[in-house]
Amino acid sequence: MKIIVTGSLGNISKPLTELLIARGHAVTVVSSDPKKQAAIENLGAEPAIGSIDDVPFLTHTFKGADAVYAMIPLSFTEPDLGSYMYRIAQNYVRALKDTCIQRVVLMSGWVADLVKTENVEHVFDDLDASITIMRPGAFYTNFYQSINLIKGKGFIGKFLTLRYSGLGALLTGKTGLLMGNYGGEDRIVFVSPKDIADAVAGELQLSPKEKTIRYVGSDEMTCNEAARIIGSAVGKPWLKWVLLTDKEMLRGLKMAKVPEKLAQTLVEMQAAMHSGKALENFHKSRPKMGKVKLADFAEEFAEAYHKK
Numbered sequence: 001m002k003i004i005v006t007g008s009l010g011n012i013s014k015p016l017t018e019l020l021i022a023r024g025h026a027v028t029v030v031s032s033d034p035k036k037q038a039a040i041e042n043l044g045a046e047p048a049i050g051s052i053d054d055v056p057f058l059t060h061t062f063k064g065a066d067a068v069y070a071m072i073p074l075s076f077t078e079p080d081l082g083s084y085m086y087r088i089a090q091n092y093v094r095a096l097k098d099t100c101i102q103r104v105v106l107m108s109g110w111v112a113d114l115v116k117t118e119n120v121e122h123v124f125d126d127l128d129a130s131i132t133i134m135r136p137g138a139f140y141t142n143f144y145q146s147i148n149l150i151k152g153k154g155f156i157g158k159f160l161t162l163r164y165s166g167l168g169a170l171l172t173g174k175t176g177l178l179m180g181n182y183g184g185e186d187r188i189v190f191v192s193p194k195d196i197a198d199a200v201a202g203e204l205q206l207s208p209k210e211k212t213i214r215y216v217g218s219d220e221m222t223c224n225e226a227a228r229i230i231g232s233a234v235g236k237p238w239l240k241w242v243l244l245t246d247k248e249m250l251r252g253l254k255m256a257k258v259p260e261k262l263a264q265t266l267v268e269m270q271a272a273m274h275s276g277k278a279l280e281n282f283h284k285s286r287p288k289m290g291k292v293k294l295a296d297f298a299e300e301f302a303e304a305y306h307k308k
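Going by my numbering, the residue at position 65 of the sequence shown is 65; the numbering climbs one at a time, nothing skipped.
The hints are simulated quantities; they were obtained by calculation from the structure and are not laboratory data. Note that beta-carbon positions come from the ideal geometry of N, C-alpha and C, so glycine has one too. Wrong hints could be hidden among the right ones.
Stated by the list, open to error - Straight-line C-alpha distance at most 30 Å; calculated DSSO-like pairs for lysine-lysine:
no., residue 1, residue 2
1, Lys63, Lys35
2, Lys257, Lys153
3, Lys277, Lys288
4, Lys151, Lys116
5, Lys211, Lys284
6, Lys153, Lys293
7, Lys153, Lys209
8, Lys247, Lys151
9, Lys284, Lys174
10, Lys63, Lys211
11, Lys254, Lys63
12, Lys284, Lys151
13, Lys247, Lys174
14, Lys288, Lys116
15, Lys153, Lys174
As the list claims (entries may be wrong) - Between beta-carbon pairs, the in silico distance windows are:
no., residue 1, residue 2, range
16, Asp33, Asn148, 39 to 45 Å
17, Asp246, Glu299, 46 to 52 Å
18, Asp246, Pro79, 40 to 46 Å
19, Gly252, Met289, 28 to 34 Å
Build out the structure end to end from the sequences listed, making use of the hints.
As structure tokens, this is what we get:
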């Protein structure tokens, strides 16, 4: 098969490309970064360098393909995440229609149906194609964004430790934490990008007659259990995951100069996770869990944590 993979060499797209090539498929990888061209070629894939904001480029790239893996990268620079995602979704649909692609696997999120801003799945409904919507859980790789919080260094780190763990923790050097408006004893499905890639690779070779939705997960546990696994791996077994209110989370994002609409969307996404509705929907679909457990990822995370 000739398969188009969007998402450059990201957390999912790189292992997906490697899997597809190993299985004998001809793969074209879409990337906006010309510096990625050599790396894409080294994988045995064909690079298509251009922007997913450019419909003629997408149309040209999709021509003659048997299947397309379509993902919309989360942008922290777009002031209105909803408008951005809708625009890119429409770009994909126009190119897919113009090229009559018969198989599409769309990357979504496990709270997409619960968060209006994030959900652009319906944009693909009028395609005359076999469509599968992927709804993975919370990515393991999101922990990389929290390395500084976990380290708990500097004035901010000491202040947060004092506020959420107490004076005793501060005096004994037990700094660092995780935080969000989901956390604590909330049960969450976490997922490895490698398991997502494996699931997508399998779906690309299928052709269901009706639109299907596939949830993907690797491990399920409470946020505090996850914190202890990550903390133990980096030498902080006391690590905990503080549950903030929606207002506290929104205030923190605004202090970090995250655009207001984007901040509101991020808070809404985490609130949906805290509500338990996403977990309920996940269990209703009864997906088979992936192979990569959080303890496996924690070893990889620890290496990056100590290098930074």
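Here's how the hints hold up against the structure:
The straight-line distance between the Cα atoms of Lys63 and Lys35 is roughly 24 Å, inside the 30 Å bound, and the hint therefore holds. In summary, the hint linking Lys257 to Lys153 is supported, as the alpha carbons are separated by about 21 Å, within the 30 Å threshold. For a cut-off of 30 Å, the pair hint linking Lys277 to Lys288 stands: about 19 Å separates their Cα positions. Distance check on the hinted pair: Lys151 and Lys116 sit about 34 Å apart at the alpha-carbon level, beyond 30 Å; violated.
For the given pair, Lys211 sits about 17 Å from Lys284 by alpha-carbon distance, which is consistent with the 30 Å threshold. This hinted pair checks out: Lys153 and Lys293 have alpha carbons roughly 28 Å apart, not beyond 30 Å. For the hint linking Lys153 to Lys209, the alpha-carbon distance of about 54 Å lies beyond 30 Å, and the restraint is violated. Taken as a hint, the Lys247 and Lys151 pair is honoured in the structure, with Cα atoms around 25 Å apart against an allowance of 30 Å.
Between Lys284 and Lys174 the alpha-carbon distance is near 40 Å, which puts this suggested pair outside the 30 Å criterion. For the hint pairing Lys63 with Lys211, the CA-to-CA distance comes to about 22 Å; that is within 30 Å, so the pair holds. The straight-line distance between the Cα atoms of Lys254 and Lys63 is roughly 43 Å, outside the 30 Å bound, and the hint therefore fails. Distance restraint check for Lys284 and Lys151: the Cα-Cα separation of roughly 37 Å exceeds the 30 Å cut-off, and the hinted pair is therefore not satisfied.
For the hint pairing Lys247 with Lys174, the CA-to-CA distance comes to about 27 Å; that is within 30 Å, so the pair holds. At roughly 27 Å between alpha-carbon atoms, Lys288 and Lys116 fall within 30 Å of each other, so this suggested pair holds. For the given pair, Lys153 sits about 11 Å from Lys174 by alpha-carbon distance, which is consistent with the 30 Å threshold. Between Asp33 and Asn148 the C-beta distance comes to about 25 Å, which lies outside the given range of 39 to 45 Å.
At about 34 Å, the CB distance of Asp246 to Glu299 disagrees with the hint of 46 to 52 Å. The hinted range of 40 to 46 Å is not satisfied by Asp246 and Pro79, whose Cβ atoms lie roughly 20 Å apart. The hint said 28 to 34 Å for the Cβ distance between Gly252 and Met289, and at roughly 32 Å that hint holds.
Hints 4, 7, 9, 11, 12, 16, 17, 18 from the earlier list are contradicted by this structure; the remaining hints agree with it.
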